[in-house]
Amino acid sequence: MAAVANYLRDSEVHEVEKPYRFSGGPDLGFPQSNVDFQPTELSLTDLRTVPQLRPTLETHGFCFIENKSKELPALDHESDSKTYALEMAEVVKKLVGATRLRSANKAHGRANVGTEAHVDTSAFDAWDRMRGMMMPEEQEGVLSGELRARIINLWRPRVNPAEDFPLAVLDPATVDPDKDLVFLDHISQVTVAETMYVRHNPSHRWYWLSNMTPDEAVLFTQYDTHPPTRALNYGVAHCAFRNLAARPGCPPRQSVELRLTVLEPAPYEKAVTVLDPHPPESRKQPWDGRVEFLSPPVKYVPTFTREELALA
Numbered sequence: 291m292a293a294v295a296n297y298l299r300d301s302e303v304h305e306v307e308k309p310y311r312f313s314g315g316p317d318l319g320f321p322q323s324n325v326d327f328q329p330t331e332l333s334l335t336d337l338r339t340v341p342q343l344r345p346t347l348e349t350h351g352f353c354f355i356e357n358k359s360k361e362l363p364a365l366d367h368e369s370d371s372k373t374y375a376l377e378m379a380e381v382v383k384k385l386v387g388a389t390r391l392r393s394a395n396k397a398h399g400r401a402n403v404g405t406e407a408h409v410d411t412s413a414f415d416a417w418d419r420m421r422g423m424m425m426p427e428e429q430e431g432v433l434s435g436e437l438r439a440r441i442i443n444l445w446r447p448r449v450n451p452a453e454d455f456p457l458a459v460l461d462p463a464t465v466d467p468d469k470d471l472v473f474l475d476h477i478s479q480v481t482v483a484e485t486m487y488v489r490h491n492p493s494h495r496w497y498w499l500s501n502m503t504p505d506e507a508v509l510f511t512q513y514d515t516h517p518p519t520r521a522l523n524y525g526v527a528h529c530a531f532r533n534l535a536a537r538p539g540c541p542p543r544q545s546v547e548l549r550l551t552v553l554e555p556a557p558y559e560k561a562v563t564v565l566d567p568h569p570p571e572s573r574k575q576p577w578d579g580r581v582e583f584l585s586p587p588v589k590y591v592p593t594f595t596r597e598e599l600a601l602a
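Residue numbers (our numbering): 291 to 602.
Since the hints were made in silico from the structure, they are not lab data.
Just to be clear, a hint being listed does not mean it is correct.
Claimed, not checked - Simulated restraints on C-beta separations: (1) E377 to P518: 23 to 31 Å; (2) E356 to T481: 44 to 52 Å; (3) T464 to F327: 29 to 37 Å; (4) E559 to T349: 17 to 25 Å; (5) F583 to E559: 35 to 43 Å; (6) E559 to T481: 19 to 27 Å; (7) T481 to R338: 36 to 44 Å; (8) Q328 to P541: 24 to 32 Å; (9) P518 to P341: 18 to 26 Å; (10) R537 to V480: 35 to 43 Å; (11) R520 to R344: 17 to 25 Å; (12) T519 to P555: 47 to 55 Å; (13) G539 to S572: 47 to 55 Å; (14) A535 to S572: 21 to 29 Å.
Said to hold, decoys possible - Here are the computed lysine to aspartate or glutamate pairs in the DMTMM-like style, where the Cα-Cα straight-line distance is at most 20 Å: (15) K383 to E582; (16) K358 to E453; (17) K358 to E547; (18) K372 to E547; (19) K384 to E554; (20) K358 to E506.
If you're wondering where the values come from, they're calculated on a predicted model, not measured in any experiment.
Think of the CB as a built atom: it goes at the ideal place given N, C-alpha and C, for glycine as much as any other residue.
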């Protein structure tokens with residue numbers, strides 16, 4: 291089948307400017323973005339056609355599960371997502387054997403479909419995303435290497451099967467991180483975040499589950515302090531794609547995505563901490579010094595209160 295998504299297009303501009311996107315603010319006299327994308331057909335495998343292939347979070351950084359949620363029917367917006375987040379936290383806890391989970395939920399029923407191949411965070415940005423949801427002793431455990439910390443996303447259709455613009459995940463073993471992954475700054479007047487976008491490589495192998503229903507979900511790792519293989523050092527790239535085989539007039543995709551920080555005892559000693567310095571950036575960052583933040587930039591806003599965190 292034909293499936294089309296967007297890869298980052300190479301540009302000479304990026305030799306002198308770090309890639310960035312600025313959104314949600316006024317015209318400040320510089321372009322909103324210096325990146326462009328090229329629609330590309332994906333090398334895509336439907337896991338329904340190869341039932342003997344069962345990717346796991348430990349082997350591939352992603353997995354597909356069957357799960358009927360009791361809270362999903364009542365979920366309509368991010369403001370009412372807490373009960374669903376707590377329900378899914380228990381599902382993930384049992385799946386990975388974690389001792390503690392924290393949530394900063396993203397409900398995407400009305401958000402734009404993200405067709406650009408990307409990873410939600412870089413290794414250098416992940417700590418800022420995680421630490422606001424941890425107790426002080428948990429932060430110390432992660433920094434000392436005693437605790438393994440992962441950012442794991444859980445995505446599922448919310449109402450109808452995801453026929454058009456479903457989600458695909460990229461097998462990290464087919465990625466050359468030095469050539470394929472590009473650091474990008476996401477900037478608004480309230481947030482600063484570094485993500486990674488993906489250049490096209492014909493070796494890439496993408497996976498999906500055709501016609502995913504609300505009783506099915508995909509989990510994929512975005513960061514891991516103790517990755518089981520080198521291929522999983524950089525998280526799992528993902529994107530929605532245009533399904534050219536979708537029926538004309540099929541229902542628009544509605545989905546919900548939950549982002550979890552997962553804590554568990556470290557499986558082995560790790561010599562490198564989450565606070566390794568970012569490589570020096572010699573390129574220009576046109577937004578730097580020109581964006582007036584409405585408050586000190588924040589990376590993440592936890593869904594749960596601190597009292598609920600103590601119980602989760």
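Does the Cβ pair F583, E559 satisfy 35 to 43 Å?
Holds - the Cβ-Cβ distance for F583 and E559, about 39 Å, lies within 35 to 43 Å.
Starting from the range 29 to 37 Å, see whether the pair T464 and F327 falls in it by beta-carbon distance.
20 Å Cβ-Cβ, so the 29 to 37 Å window is violated.
Going straight from one Cα to the other, do K372 and E547 come out at no more than 20 Å?
Between K372 and E547 the Cα gap is close to 12 Å, so the pair holds against 20 Å.
Against the 20 Å threshold, does the CA-CA distance of K358 and E453 hold or violate the hint?
holds (19 Å)
Is it true that G539 and S572 lie within 47 to 55 Å of each other by Cβ?
With a Cβ separation near 51 Å, G539 and S572 satisfy 47 to 55 Å, so the hint holds.
Consistency of beta-carbon spacing, R344 to R520, with hint 17 to 25 Å
holds (22 Å)
K358 and E547: Cα distance at most 20 Å?
Distance of about 15 Å is within 20 Å: holds.
For the range 36 to 44 Å, tell me whether the beta carbons of T481 and R338 fit it or not.
With Cβ atoms ~37 Å apart, the hint holds.
Take a quick look at whether K384 and E554 sit within 20 Å of each other, Cα to Cα.
holds (12 Å)
How does the Cβ-Cβ distance of R537 and V480 compare with 35 to 43 Å: does it lie in that range?
holds (40 Å)
Can the suggested window of 19 to 27 Å be confirmed for the beta-carbon pair E559 and T481?
violated (34 Å)
Please test the hint of 23 to 31 Å on the beta carbon pair from E377 and P518.
holds (27 Å)
Violated hints for the displayed structure, listed by number in ascending order: 2, 3, 6, 12, 14, 15.
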